[in-house]
Amino acid sequence: MKAQVTGWIVVLLLVSSGCWWLFNELAPRADFTAISAYSDDLWGGWRLTLALSSGALVLSVLLAPVWCAMLMSRLAALRTFAVVVTELVRGTPLLVQLLLVYYVIAAAAGIDSRIGVGLCVLAGYTSVYLGEMLRGGILSIDRAQRLAARAVGFSSRQEFFIVVLPQALRRVLPGMVGAAINLVKDSSLLSVIGVLEFTKRSQVANTLTFSDFEAYVPLAIGYLAVTVPLAILARAMERRMRYAT
Amino acid sequence: MRLNIERLCHQYGKHLVLENLEFQSPADERVLCLIGPSGGGKSTLLRLLGGLESPSSGAVSWDGEEVNYDERSMRALRRECGFVFQQFNLFPHLTVEKNIVVPLVKVHGWSLAEARDRAVELLDRFGVAGQGDKAPDALSGGQQQCVALARAVAHRPKRLFLDEPTSALDPEMTAEVLDAIREFVDGGQQIVLATHEMGFVRALDAETLLIADGSVVESGSAAAMLDAPKSEFAQRFFAKVMRY
Ligand SMILES: Nc1ncnc2c1ncn2[C@@H]1O[C@H](COP(=O)(O)OP(=O)(O)O)[C@@H](O)[C@H]1O
Ligand SMILES: [Mg+2]
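Quick note, the sequences are listed as chains Z and G, same order.
The numbering used here numbers the first residue of the first sequence as 1 and each following residue consecutively.
The numbering used here numbers the first residue of the second sequence as 1 and each following residue consecutively.
Since the hints were derived computationally from the structure, they do not count as laboratory data.
Heads up, a few of these hints could be off.
Said to hold, decoys possible - Label pairs and their calculated CB-CB ranges:
#, chain 1, residue 1, chain 2, residue 2, range
1, Z, L99, G, L112, 55 to 63 angstroms
2, Z, L233, G, R7, 55 to 63 angstroms
3, Z, P229, G, Y69, 49 to 57 angstroms
4, G, Q11, Z, Q4, 49 to 57 angstroms
As the list claims (entries may be wrong) - Examples of chain G residues toward chain Z, derived with CB under 10 angstroms:
#, residue
5, M74
6, F88
7, L90
8, P92
9, V107
10, A148
11, R151
12, H155
13, R156
14, R159
15, S231
16, Y244
No experiment lies behind these values; they were computed from the predicted model shown.
We treat Cβ as the ideally placed atom computed from N, Cα and C, and that holds for glycine.
Using the sequences and the hints, build the whole thing.
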């Protein structure tokens, strides 16, 4: 308890001195008049980031069970395929994947939708992580639970959907929210293939107005506005799960 | 029930857990007790008898009818049975009441209202009335085992398989759970019980199988076996477990 209070005091001191420095040293010299001409662009970029993240999140949540099923499949060929894809995706930086898919694969296929390609790569990348998490969650369910499910007469379908999956989801949900946070941040990488999302717009505004503070502090705050609520959600879930599994 | 087991073998990987296990019940039994050292194969045998797993080889028949170990028949068999395990194995993400209600509705086709009434009735009978809305983890071990018993008998199974139901309980709760089992027995419920409670086995005085190293070392009525074990192994085993 005492350690916790001390901890909070230290954190508060650090944060407030940081803010003090930011707003007393830098902010008075800040001049938002130049960049305010681009406020619509920035606002549009933020909304595009939000839309891209939400879209990719929905897609990856739909795709994750497919990966998971393949990873756990009885068919060795399917399993091997899924393992290879998983390791390829996890073994290369998202940045590289974006460049490769957009400039090599999509270009060769004659596809020129930056947003479409960006969305798909982001969703594919995240879905692989989510699928792997899901698999871990399912495997973590005690054998005794499966035995009990069979003992009460459940079919293997019911065993999975009534007993195994709900418990697995409870265990992995906080981690999945964490993956959603990463997704929001990772969407900034779409700027490298020219998607005019929040980071790209801020960079453009920065180059055109030579304002650093005025472009990048709002940029960080814009991301935090999305990720902090998610982080709070994840913590709340974790607290609840501690009692509920 | 008349149980017939012929050359039953079961292995996990390379580990032979049951080895040509043989047994014929001498009469129409109501209760069978399985006793013997840990690791001897009691739980494995119970799982095979109740259709939770299929044996590597051998045959089991109940009342002259051989058990088919294909997935469909095993499921049908399980539905006629009730199981209680040493570690309760309640579903932790469902409330106490739902642990009983969900199988009744999803497996046995009861209406929700019927199932709820049955759950309330059983929780009341097993001394856990009013706990239906709690998570199983919020209950004591003894209470959880009572819920597990309630879940096992809710659909009025023909046969009950109890795998060391009191091994994880303190003496007081053990007595309560044993009382409940005694009540079932007196009510005519068919039971196959694996246990280390020698006093209870003697009190039941049912047909008893001493199982060690994957086969039946000795079988017969409990009192006779406990008082005058035939094999040297049985003599040593009883001397050990009843020393204190
Ligand atoms: N699912 C399993 N996988 C591998 N080995 C098992 C499994 N279940 C039981 N065994 C092994 O089988 C042997 C018999 O176990 P068990 O049937 O639980 O005996 P008991 O109930 O008499 O203590 C033990 O050696 C145990 O380690
Ligand atoms: Mg056992």
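Provide an ascending list of the numbers of those earlier hints which the structure does not satisfy.
Structure breaks hints 13, 14, 15 and 16.
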